[in-house]
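Novice: Top to bottom, those sequences are chains A and B.
Take the first sequence: its position 104, counting from 1, is numbered 104 in my numbering, and each next residue is one higher.
Take the second sequence: its position 12, counting from 1, is numbered 12 in my numbering, and each next residue is one higher.
Treat each hint with caution, since some may be false.
[Unchecked claim] As a list, the in silico DMTMM-like pairs of lysine to aspartate or glutamate whose alpha-carbon atoms are at most 25 Å apart:
id	chain 1	residue 1	chain 2	residue 2
1	A	Lys-90	A	Asp-106
2	A	Lys-327	A	Asp-299
3	A	Lys-277	B	Glu-251
4	B	Lys-316	B	Glu-296
5	B	Lys-231	A	Glu-55
6	A	Lys-277	B	Glu-18
7	A	Lys-87	B	Asp-246
8	A	Lys-264	A	Asp-230
9	B	Lys-231	B	Glu-251
10	A	Lys-87	B	Asp-230
11	B	Lys-119	B	Glu-280
12	A	Lys-90	B	Glu-296
13	B	Lys-119	A	Glu-45
14	A	Lys-87	B	Glu-110
Derived by calculation from the structure, the hints in this document are not laboratory data.
Chain residues, written in single-letter form:
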Amino acid sequence: MKALISSFCSALALVCLLTGETTVATDTPVANTSNIHSITLPHFEPVMPIAPGREEFMRACVACHSPRYVVMQPPFPRRQWEETVNKMIKNYGAPANEEQARAIVDYLEVVHGVVPMAKAPAAAYDDDEPDAVASPMAQQSIETFPMLAVAVADGEHAQELSRGAAIFEQNCAGCHGAGSRGDGVVSQVLLRKPADLTSARFNVSFLSQVLWNGVRGTSMPSWRSLPRGDLNAVAAFVQSLHPDHNPERATPETLARGTALFHKNCAPCHGELGDGKSAAAPTMAPPPANLKWIQPDFDFELKVLRDGIPGTAMPSWKDQISESDRKALAAFVRSLYESTEVIEGH
Amino acid sequence: MLPPGLTRAEAELVRFPEKTKLILLTDRPPQLETPLHYFLEDMTPNDAFFVRWHLEGIPTSVDTNVFRLQIAGHVKSPLSLSVADLRNQFEAVSLIAVNQCSGNSRSFFEPCVPGGQWKNGAMGNARWTGVRLRDVLDRAGVKAGAADVSFAGLDRAPLAATPGFAKSLTVDHARDGEVMVAYEMNGTDLPMLNGFPLRLVVPGWYATYWVKALREINVLPSKFQGYWMDKAYRIPSTTDANEAPDHLATETVPINRLNLRSLFVRPEPGEKLSRQTPFEIQGLAFDSGRGIERVEVSTDDAATWQITQLDPELGKYSWRRWRLRWQPATRAQYRLQVRAFNRAGDQQPARLWNRSGFMRNVVEQTEVEVL
Numbered sequence: 001m002k003a004l005i006s007s008f009c010s011a012l013a014l015v016c017l018l019t020g021e022t023t024v025a026t027d028t029p030v031a032n033t034s035n036i037h038s039i040t041l042p043h044f045e046p047v048m049p050i051a052p053g054r055e056e057f058m059r060a061c062v063a064c065h066s067p068r069y070v071v072m073q074p075p076f077p078r079r080q081w082e083e084t085v086n087k088m089i090k091n092y093g094a095p096a097n098e099e100q101a102r103a104i105v106d107y108l109e110v111v112h113g114v115v116p117m118a119k120a121p122a123a124a125y126d127d128d129e130p131d132a133v134a135s136p137m138a139q140q141s142i143e144t145f146p147m148l149a150v151a152v153a154d155g156e157h158a159q160e161l162s163r164g165a166a167i168f169e170q171n172c173a174g175c176h177g178a179g180s181r182g183d184g185v186v187s188q189v190l191l192r193k194p195a196d197l198t199s200a201r202f203n204v205s206f207l208s209q210v211l212w213n214g215v216r217g218t219s220m221p222s223w224r225s226l227p228r229g230d231l232n233a234v235a236a237f238v239q240s241l242h243p244d245h246n247p248e249r250a251t252p253e254t255l256a257r258g259t260a261l262f263h264k265n266c267a268p269c270h271g272e273l274g275d276g277k278s279a280a281a282p283t284m285a286p287p288p289a290n291l292k293w294i295q296p297d298f299d300f301e302l303k304v305l306r307d308g309i310p311g312t313a314m315p316s317w318k319d320q321i322s323e324s325d326r327k328a329l330a331a332f333v334r335s336l337y338e339s340t341e342v343i344e345g346h
Numbered sequence: 001m002l003p004p005g006l007t008r009a010e011a012e013l014v015r016f017p018e019k020t021k022l023i024l025l026t027d028r029p030p031q032l033e034t035p036l037h038y039f040l041e042d043m044t045p046n047d048a049f050f051v052r053w054h055l056e057g058i059p060t061s062v063d064t065n066v067f068r069l070q071i072a073g074h075v076k077s078p079l080s081l082s083v084a085d086l087r088n089q090f091e092a093v094s095l096i097a098v099n100q101c102s103g104n105s106r107s108f109f110e111p112c113v114p115g116g117q118w119k120n121g122a123m124g125n126a127r128w129t130g131v132r133l134r135d136v137l138d139r140a141g142v143k144a145g146a147a148d149v150s151f152a153g154l155d156r157a158p159l160a161a162t163p164g165f166a167k168s169l170t171v172d173h174a175r176d177g178e179v180m181v182a183y184e185m186n187g188t189d190l191p192m193l194n195g196f197p198l199r200l201v202v203p204g205w206y207a208t209y210w211v212k213a214l215r216e217i218n219v220l221p222s223k224f225q226g227y228w229m230d231k232a233y234r235i236p237s238t239t240d241a242n243e244a245p246d247h248l249a250t251e252t253v254p255i256n257r258l259n260l261r262s263l264f265v266r267p268e269p270g271e272k273l274s275r276q277t278p279f280e281i282q283g284l285a286f287d288s289g290r291g292i293e294r295v296e297v298s299t300d301d302a303a304t305w306q307i308t309q310l311d312p313e314l315g316k317y318s319w320r321r322w323r324l325r326w327q328p329a330t331r332a333q334y335r336l337q338v339r340a341f342n343r344a345g346d347q348q349p350a351r352l353w354n355r356s357g358f359m360r361n362v363v364e365q366t367e368v369e370v371l
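Next comes chain A alone, as it looks inside the complex (with noise of 0.2 Å):
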């Protein structure tokens, strides 16, 4: 019910974070009803080759666009992508330093130069994910998925949680790993690398969206054809994974700055709330996380922080953000975590 509550609550949230957006101060009352003309976008994302500077490319260049913005256009020589690259970073801020840009032309030179592919071997392309691409159906269907009921009363639960981990080594740990530290056997191929279950927590509203749903724009697919009480084993399995340790106290200051830099930095795609929900988001594949159900732990969030994270909008931040102020925005990004879990049996 708590859930239920908070999911509603979100809702709310979201609505009102909408209206904010796309209206403008006005001195009639706001009718209490709404007239909401929507759409849901298809994703039609190529699958972009592997050669050296890739990383860098998916970073700077495809949190904006979509890498079809590359492959649309006829081979350019070196000069041209230059010239492109520059203005991307001097004129759109695209977030990429001197040595990152020459790694993007590197790189667009190789698979989109005037000598296509000469520098890259044939079988570098890179088809691991042919179905990552999520269609528009798929896309319809993200909006809603079933609360999983995770078990927490103590006798129910250690039983659940064996069956669970049984339901995870069959089915999931052939890609996440039978640690589960996204590093099974399939992570070597997959471009968007398995996420690793242990270096977070997640809600159940989390488990619940992405077991339902899959995550679009990666090789995670929908698990609703499973009978709903594996499903619930599963989440009840990947929540054990994360002890819950005490999160260390950030101090206001800390987490002052952490808001500042978060509104400045992150909330284009993270939203404002850090739900995720953003102008942006509707048109990214994988979509930003949503932070209010994702709590990566302190360590991680900083190597994320640092590095990106491959094959996704999120880039790298550390030429942008200084390392005190990384860890000031870590913290910010763990206080948005908000547990969903059922408390009834308690």
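Following the hints, put chain B in place on chain A, whose structure we already have.
Specialist: For chain B alone, coordinates are given in the frame of chain A:
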């Protein structure tokens, strides 16, 4: 060899919300091209109308009960108007106008230039219905000394460092009685991807000025300054906006009025015709509102030119259809060419190149095989 999926712009048809299958240029943000055969109709259907957005944060949801168009800046009384206010409180006007992307036909530039690799389908003709921008500005009361009016939509830049999309017109242009805030396209709401709920209509000017999902009109006492006017969408100030790759023009100006052009709709590229049956060559011609006077077609590689039959005018900003019956005598490969003349005495150039791939309007050629 390029790996599959990386070859240049093989036409791939995709369906976006409220749209029929269109040619995919890019998916995020979307650029979708109208297939040529839709231009057999005088009015381009809303679901087939081309799509072009600049910034990733495009509007996907609008609540018309809370949406307000804001008119602010150098005015006596700022306004905040709902779509219903526009419909109920202002005189409705309607006009047919061509909406053409600055970069339409860019893929035909030689040497090729970066940007959306459009063929001829980044354009469409529609009946736009809405209110005169002049009426809206007059309601707000433009103060003396106003210079420019700027326009911004609901789309948002993905990064703080990315300049938000905004365009401007001079206050005289904005008040010319023709520039319109449209709430309908071909008699129905605009599709979300074409600018729901409101779109600026600037007849005779390139589509870059037709700001989609219009939410803010700002009257300025001085010249507007912004990336999308000062740095982007600039053309050489030379005749026909022409320049050479090794000798770029030093002066540029913001792109503005549509130039004169004519295109083939039938035959389509690569179409095979039979000698047995007469064929109707068909196409379109338009300019910035001066009026199409004559369209000529050559079927013998520009040795001779025949005057085509023009359909009635649908309005000075609409395109005008031309037709020519043709029954070739011999089996051969023919090169067809078309050129238009307008009432202002403009002619189409034989050659045009500029660095941005804008305003292509050369005398069109198409190859056709007669069997």
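Novice: Now tell me if each hint is right for this structure.
Specialist: Right, here's what the structure says about each hint:
1. A/Lys-90 <-> A/Asp-106: holds, 18 Å
2. A/Lys-327 <-> A/Asp-299: holds, 9 Å
3. A/Lys-277 <-> B/Glu-251: violated, 43 Å
4. B/Lys-316 <-> B/Glu-296: holds, 20 Å
5. B/Lys-231 <-> A/Glu-55: violated, 29 Å
6. A/Lys-277 <-> B/Glu-18: Status holds; Cα separation ~23 Å.
7. A/Lys-87 <-> B/Asp-246: holds, 20 Å
8. A/Lys-264 <-> A/Asp-230: Roughly 41 Å between the alpha carbons, so the hint for A/Lys-264 and A/Asp-230 is violated.
9. B/Lys-231 <-> B/Glu-251: holds, 12 Å
10. A/Lys-87 <-> B/Asp-230: holds, 14 Å
11. B/Lys-119 <-> B/Glu-280: holds, 22 Å
12. A/Lys-90 <-> B/Glu-296: Outside the cut-off at roughly 46 Å; violated.
13. B/Lys-119 <-> A/Glu-45: At roughly 21 Å apart (the allowed maximum being 25 Å), A/Glu-45 and B/Lys-119 satisfy the hint.
14. A/Lys-87 <-> B/Glu-110: Given pair A/Lys-87, B/Glu-110 holds - Cα atoms ~22 Å apart, limit 25 Å.
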